[in-house]
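Residue numbers (my numbering), protein chains in the order written: chain W, 75 to 353; chain C, 23 to 494.
You may find that some hints are simply not true.
Stated by the list, open to error - With a cut-off of at most 16 Å between alpha-carbon atoms, the simulated EDC-like pairs for lysine to aspartate or glutamate come out as follows:
{"no.": "1", "chain 1": "C", "residue 1": "LYS308", "chain 2": "W", "residue 2": "GLU114"}
{"no.": "2", "chain 1": "W", "residue 1": "LYS329", "chain 2": "C", "residue 2": "ASP377"}
{"no.": "3", "chain 1": "C", "residue 1": "LYS308", "chain 2": "W", "residue 2": "GLU336"}
{"no.": "4", "chain 1": "W", "residue 1": "LYS329", "chain 2": "C", "residue 2": "GLU277"}
{"no.": "5", "chain 1": "W", "residue 1": "LYS308", "chain 2": "C", "residue 2": "GLU277"}
{"no.": "6", "chain 1": "W", "residue 1": "LYS235", "chain 2": "W", "residue 2": "GLU217"}
{"no.": "7", "chain 1": "W", "residue 1": "LYS115", "chain 2": "C", "residue 2": "GLU302"}
{"no.": "8", "chain 1": "W", "residue 1": "LYS246", "chain 2": "W", "residue 2": "GLU217"}
{"no.": "9", "chain 1": "W", "residue 1": "LYS268", "chain 2": "W", "residue 2": "ASP325"}
{"no.": "10", "chain 1": "W", "residue 1": "LYS89", "chain 2": "W", "residue 2": "GLU218"}
{"no.": "11", "chain 1": "W", "residue 1": "LYS308", "chain 2": "W", "residue 2": "ASP318"}
{"no.": "12", "chain 1": "W", "residue 1": "LYS101", "chain 2": "C", "residue 2": "GLU251"}
{"no.": "13", "chain 1": "C", "residue 1": "LYS220", "chain 2": "W", "residue 2": "GLU114"}
{"no.": "14", "chain 1": "W", "residue 1": "LYS100", "chain 2": "C", "residue 2": "GLU255"}
{"no.": "15", "chain 1": "C", "residue 1": "LYS366", "chain 2": "C", "residue 2": "GLU394"}
{"no.": "16", "chain 1": "C", "residue 1": "LYS36", "chain 2": "C", "residue 2": "GLU61"}
{"no.": "17", "chain 1": "W", "residue 1": "LYS329", "chain 2": "C", "residue 2": "ASP378"}
{"no.": "18", "chain 1": "W", "residue 1": "LYS192", "chain 2": "W", "residue 2": "GLU152"}
{"no.": "19", "chain 1": "W", "residue 1": "LYS339", "chain 2": "C", "residue 2": "GLU302"}
{"no.": "20", "chain 1": "W", "residue 1": "LYS200", "chain 2": "W", "residue 2": "GLU170"}
{"no.": "21", "chain 1": "W", "residue 1": "LYS82", "chain 2": "W", "residue 2": "ASP256"}
{"no.": "22", "chain 1": "W", "residue 1": "LYS100", "chain 2": "C", "residue 2": "GLU251"}
{"no.": "23", "chain 1": "W", "residue 1": "LYS80", "chain 2": "W", "residue 2": "GLU151"}
{"no.": "24", "chain 1": "C", "residue 1": "LYS191", "chain 2": "C", "residue 2": "ASP487"}
{"no.": "25", "chain 1": "W", "residue 1": "LYS192", "chain 2": "W", "residue 2": "GLU217"}
{"no.": "26", "chain 1": "W", "residue 1": "LYS82", "chain 2": "W", "residue 2": "GLU170"}
{"no.": "27", "chain 1": "W", "residue 1": "LYS82", "chain 2": "W", "residue 2": "ASP232"}
{"no.": "28", "chain 1": "C", "residue 1": "LYS172", "chain 2": "C", "residue 2": "GLU255"}
{"no.": "29", "chain 1": "W", "residue 1": "LYS80", "chain 2": "W", "residue 2": "GLU152"}
{"no.": "30", "chain 1": "W", "residue 1": "LYS268", "chain 2": "W", "residue 2": "GLU326"}
{"no.": "31", "chain 1": "W", "residue 1": "LYS101", "chain 2": "C", "residue 2": "ASP250"}
{"no.": "32", "chain 1": "C", "residue 1": "LYS308", "chain 2": "W", "residue 2": "GLU338"}
These are calculated hints, taken from the structure and not from any lab test.
Everything numeric in this text was worked out from a predicted model, so none of it was measured.
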Amino acid sequence: MNRIVKKKVLAPAVKLIEVENHLIAKKAQPGQFVILRVHEKGERIPLTISDYDREKGTVTIIFQEVGKTTTLLGRLEEGDRILDLVGPLGKPTHLEGLQRVVVVGGGLGTALVFSQVKELHRRGTKVDCIIGARNKDLIILEEEIKPYCANLYIATDDGSKGHKGFVTDVLKRLLDEGNRYDRAIAVGPLIMMKVVSNLTRQYGLPTVVSMNPIMVDGTGMCGCCRLTVGGQTKFACVDGPEFDGHLVDFDEVIKRTAMYREEEKTAMELLQRSLKEGV
Amino acid sequence: MAEPRRKPNLVKTKVPMPAQDPQVRIKNFDEVALGYTPEQAVEEARRCLRCKEPRCVQGCPVNVKIPEFIMLIEEGKFLEAYYKILETNNLPAICGRVCPQENQCEKHCLRGEKGEPVAIGRLERFAADYAASCGEPRHEPTNPAPPKGKVAVVGSGPAGLTCAADLAKMGYQVTVFEAFHTPGGVLVYGIPEFRLPKRVVQREIDNLKKLGVEIQTNMVIGKILSVDELFSEGYDAIFIGTGAGLPQFLRIPGENLNGVFSANEFLTRINLMRAYRFPEYDTPIKIGRRVAVIGGGNVAMDAARCALRLGAAKVYIVYRRSEEEMPARREEIHHAREEGVEFKLLTNPVRILGDDNGWVKGLECVTMELGEPDASGRRRPVPKPGSEHCLEVETVIIAIGTTPNPLIANTTPGLELTKFGGIVVDEATGQTSRPGIFAGGDSVTGAATVILAMGAGKRAAKAIDAYLAARR
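Whole structure, please, built from the sequences with the hints as guidance.
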């Protein structure tokens, strides 16, 4: 169980792994996540399930190496095992009854919307997809996602591919051109989801965002992942991870995400030193 | 020749238990109470009066054969004493450490009427630790083959472990499902190392495995498998012992500021994830110079004492009633005070104040007075007008209780629940509203004690055996 059967580098520091776990593969649905631990002294971190194959009994996880745990995860190779893998956690995305949807993926977010785009396509929903990143090397899954989209738009901060600027510029243009959607789905950095939500609010377009706050257990036990949605406290692990973007208090979430920044830096520095020394 | 008549030790106080000095122990997470030596145990055992009708036994939720095991200790038969306890209690090393003995067995001890009761808890702990030090764990029963049936136990806390052990001893094939990566439930995530070393819990888990019980970790039942899917996988009966893991918050402004923890999160980071050893362990914890813990139970004491050990200069317990109403064990309150925790009694928090970056900078409170008794029989605290004041703290830990986790209830059709989310059961058997599903412990009662959960696990094991026997 938990053996990595496939590994692929999608972009610098962005990796895809396909992990064997029949039980999770059987139950996983778009929008859900797993919690994993890489070594005995390791932290438990949540990662979105990007894809699953019920027949092969595998789940696909795409992650960016940003901290110690994801860096260690990225060093595992095909054949290695992940120490602990728990899931599927969180509520699945509601995708029923949608005619036309615009999906916005920022950076790694593209990987996280992939299973939703696929599922929407399977249900006959027309999907316009906007994916963005800082530059063209960081655009991931373009070819993979394309077949499931009615239209695929690309935006890069530096203009090295597609529109020069933000995904929200493209979204605004589509809305101004009179495109009508039943829903927007936005997954990416907090600031991107905040800007998308602020924009779609003006157009009265219902918007779903996926939150990925700090978690420990992932079953509602610790309350660490709490956030304010429409003035009420919610737990991202059991009430989410998806919420109405127009109701999320993004400023609070952004502050909470910074809670362990110093410690994350310390852990990362120590790891890099020990990796250099070949320990 | 007649045996010389036994003269009990008539000293009015318990033989003191050696403990780490408070000034030393607030700098480490090692166990505070060090346990009796064999000589101290024998001396304390001699205080037992060997009552004809021992009231202590009736005060114990699992009816440990108290006078009998104490007599064996007095005779120096320490291993035999341990086996005597095991006849009714699967987890003596744990119970000897964390049971509220003063409200159970020891409360009824005759010696308690003129002086201190016999230190039953300390003796229980001694017997269990002695057995472990001999490397001699248990008489292993030989299970009949084939097994009498397959039972799934959901949750590996005290209720689940006890139920699993009893069923295994009766000859059932038992699988325990645990959501975390380490079994033990509240014993590993909730109770700190300095009160219950994790090696002691591990010992009990190992004993359970020796009985043939399979433990599957990383399994969130209700997500990966529903209770009904467990039935379709061939389990004949299911015991739910999922505890009361849902933290309650105060619903006051500022609760989502950085530096506010539920006690569950704070303790899980420390106990299960070993955040006090960061960066050796990867999970961090953030602690301010000054800390307020809100609540008056054992969990609040544990959190306050952990905060001190993490280096906080000032730790307050903020409790809205008086010390008399505090639900924590006296010993825990005493230990906390010895270590320097400051008690702000009759104080109710109304607002958590934050700085511009979203970090806690203070806790606004009001002073309370005790009014007329309320539904709980305790005098209701009422705010004193104009008594608002602020405690300057950087960390706030909320330890005001937990409610049952709804994950299983939400995914098990037909399971009847109480208003607060507990599973409705027949108290004598643990039988739920659905045939073949039994439940016990905090998932039924809401947050209570280790020993009550164990008692529920035992009763359910018996009832499951009867239920399956009737079906055979």
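So which of those numbered hints doesn't the model satisfy?
-> Result: hints 1, 8, 15, 18, 21, 26 and 27 break, sorted rising.
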